[in-house]
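*Asks:* The sequence shown begins at 731 in this note's numbering and counts up one residue at a time.
One thing to keep in mind: the hints can contain errors.
Unchecked claim - Simulated pairs of lysine-lysine, DSS-like, Cα-Cα distance not exceeding 27 Å:
| no. | residue 1 | residue 2 |
| --- | --- | --- |
| 1 | 835 | 851 |
| 2 | 808 | 766 |
| 3 | 808 | 797 |
| 4 | 766 | 835 |
Please keep in mind that the hints were generated in silico from the structure rather than gathered at the bench. Just so it is clear, the structure is predicted and the values come from calculations on it, not from any experiment.
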Amino acid sequence: MQNAFRRFPWFTNVSMYGCLFAGGDFVHQWFSRTDKMDWTHTRNVAVVAFSFHGNFNFFWMRLLERKFPGNSAAMVMKKLLLDQTTAAPLATSVFYTGVSLLEGKEDIFEDWRAKFLNTYKTGLMFWPFMQLLNFALVPLYVRTTFTGCCAFVWAIFLCFSQQSGDELKTTDFNGAEVL
Numbered sequence: 731m732q733n734a735f736r737r738f739p740w741f742t743n744v745s746m747y748g749c750l751f752a753g754g755d756f757v758h759q760w761f762s763r764t765d766k767m768d769w770t771h772t773r774n775v776a777v778v779a780f781s782f783h784g785n786f787n788f789f790w791m792r793l794l795e796r797k798f799p800g801n802s803a804a805m806v807m808k809k810l811l812l813d814q815t816t817a818a819p820l821a822t823s824v825f826y827t828g829v830s831l832l833e834g835k836e837d838i839f840e841d842w843r844a845k846f847l848n849t850y851k852t853g854l855m856f857w858p859f860m861q862l863l864n865f866a867l868v869p870l871y872v873r874t875t876f877t878g879c880c881a882f883v884w885a886i887f888l889c890f891s892q893q894s895g896d897e898l899k900t901t902d903f904n905g906a907e908v909l
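With the hints as constraints, model all of the structure from the sequences given.
*Replies:* In structure tokens:
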């Protein structure tokens, strides 16, 4: 497997990421539903994961490594700060708007406006720790796949939030209180 990651890094990393992210939706549905699986939703999550998230992460990890090479504490913290202030909001936004677009919703920003802020804040309790490990310990050629493993867990939360509403939410993006 290591040979495949080195020989075909883009294909292997993006494929693994997409499968893991879509797997998060599958697991969410498996444990939260009593009726049949919504394969259309899983497909939509997979399309967003393969077309954007996997590709973005693959090239993002390489850009960060090129700009801030190595795994010294200073370089890891620079990567982490940039990742959490740039990539995290973008990835969250693409998830909500991308799935809404594929579902044919009239207002593709409705879920984003209602859920982005809380999702981003919740992500700040999860992603910095995962990315700290990623930037400090994981070789570049498998960082996207490591992120995909973390995204498997994260996708379960995102799909819960996207499909059933975020029970932790107290305000929407505009700051209005939501009950």
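*Asks:* For every hint, state whether the structure bears it out.
*Replies:* Each hint tested on the structure:
{"no.": "1", "hint": "835 - 851", "in the structure": "25 Å, holds"}
{"no.": "2", "hint": "808 - 766", "in the structure": "45 Å, violated"}
{"no.": "3", "hint": "808 - 797", "in the structure": "10 Å, holds"}
{"no.": "4", "hint": "766 - 835", "in the structure": "22 Å, holds"}
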